[in-house]
Amino acid sequence: MAAYAAILFSMILVNNFVLVKFLGICPFLGVSKRLDSAAGMGAAVTLVMVLATAVAWPTQQVLDAWGLGYLQTIAFIIVIATLVQLLEMVLKRFLPPLYDSLGVYLPLITTNCAVLGVAILSIDEGYTYPEALVAALGAGLGFLLAMVLFSGVRRRVEEADPPQVFRGMPITLIAAAIVALSFMGFSGVVDNLFGM
Amino acid sequence: MESIVLTVALIAAIGLGGSVILVAASKVLAVEEDQRLSYVNSILPGLNCGSCGYPGCEGYAKAILEGGPVNACTPGGSVVAQELAEYLGLDQAEVATHKAVVACKGAPDRINVAKHYRGPLSCRVFSTMNYSSAACTFGCLGFGDCVNTCPFGAISLLPHHIAVVDTARCTGCGLCTTICPRGLISLQERSLTDEVSFVLCKSTQTGKKAREACSNVCIGCRKCAKACPAECITVENGLASIDVSRCMGCQACIEECPANVIALLSLAPLKVLSQ
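Those protein sequences? They're chains X and E, same order as listed. Residues in the first sequence are numbered from 12 upward in steps of one, following this note's numbering. Residues in the second sequence are numbered from 172 upward in steps of one, following this note's numbering.
It is possible that part of the hints are untrue.
Unchecked claim - Keeping only pairs whose Cα atoms sit at most 16 Å apart, straight-line, the calculated EDC-like set for lysine to aspartate or glutamate is:
| no. | chain 1 | residue 1 | chain 2 | residue 2 |
| --- | --- | --- | --- | --- |
| 1 | E | Lys198 | X | Glu99 |
| 2 | E | Lys394 | E | Glu427 |
| 3 | X | Lys103 | E | Glu173 |
| 4 | X | Lys44 | X | Asp135 |
| 5 | X | Lys32 | X | Glu170 |
| 6 | E | Lys233 | X | Asp111 |
| 7 | X | Lys103 | E | Glu427 |
Just so you know, the hints here were simulated from the structure itself, not pulled from any lab data.
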């Protein structure tokens, strides 16, 4: 159990996908302007990450069995894209309220590198199936955390009055860098916490 | 050779499998959508500007089908409203026509705001940097920030540095209203008639000082308020203001005004929707 907790928290804090591994930067900068859209995007990514890993991990086993492990990237892209489309249809049919809140973000996630990243990285790490799922959940929650935190930072940045040259995206990127720096402080914390 | 075939076959199989699943799912999971929704959506301009007050054009289309107003789309204007009303079998809908107006008439002999000013030629810079001059502190600065903002070329500068809106070209988008640092530009909605009276002054100064700064200044003499048959003029803080929604366009106030500061404002809808 401790091993799962260690994976979960290390994915959320130590190996945060956005702030430490720098994956999924475009939604991080693009959708973080308002708290509700940031949270919506984070929740949608979390859901898709878990489902994508659930599908990608067996796919990798099939590929390995045929000795075609190098097709990982292209196979995952197809599988994940199909999955997201399917998910969108299922949500629209059975869970309209959830579709209304997450639906806008789902097409954006189809080609999100963080989703592909979590599928590939959990295989590189040699996780078992349940471990991979926990890692995906952790990565998604980490993404959600980063989005929510940064939408708060963004608000302050929008209200600030930086010099003309820094206005807009430059000051946002600097703010993102500082938030990322603060997450560097987590390195080692989880390992020691769970005695790994 | 074999590995190439195997690779291609496998990826093709995954792709085919995925597409079969998606096609099957789109049949099985098809959601019954109101047939009219896509048509209503296709009438709307698709700008997703949100000026109707609904989340995007699709949100507005849904609201229309649930009985919302068909005339809320500002960019689409009367053309879209008519098409929607025709499609839904409603009475022809009037689109609320909005026109921007600069509430400053200025005067050719007024003190020039920018006479000794050497900074960037921008109203907002002038205002933000707290430059000041002996000129009227309420009036148009005349650097033309609004002129540059208007996407339809409807605002121009008069020779004595006063911005003026050409109502024949104004679409009522409201972009200029937020740009003016002195808050002179407002949107006025057409209600009773095409032409209404409007006070082209925002100065709350009264008496000699006001007259020195500009000869076309409202001094709050209340002559217009007495002359108005509709009683739609109120004078507060030495400044008359006309309730445009009640103005009948009789022009009594214009004749009466000693400062010549009330003018006729045309709120007629645009004849042709520019493409």
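We went through each hint and held it up to the structure:
Annotation: proposed proximity of Lys198(E) to Glu99(X) holds, straight-line Cα distance about 14 Å (limit 16 Å). At roughly 6 Å between alpha-carbon atoms, Lys394(E) and Glu427(E) fall within 16 Å of each other, so this suggested pair holds. In summary, the hint linking Lys103(X) to Glu173(E) is not supported, as the alpha carbons are separated by about 43 Å, beyond the 16 Å threshold. Distance hint between Lys44(X) and Asp135(X) is unfulfilled; the C-alpha atoms sit about 33 Å from each other, more than 16 Å.
Among the hinted pairs, Lys32(X) with Glu170(X) is inconsistent with the structure: their alpha-carbon atoms are about 28 Å apart, more than 16 Å. For the hint pairing Lys233(E) with Asp111(X), the CA-to-CA distance comes to about 13 Å; that is within 16 Å, so the pair holds. The hinted pair formed by Lys103(X) and Glu427(E) fails the criterion: a straight-line CA distance of about 64 Å is larger than 16 Å.
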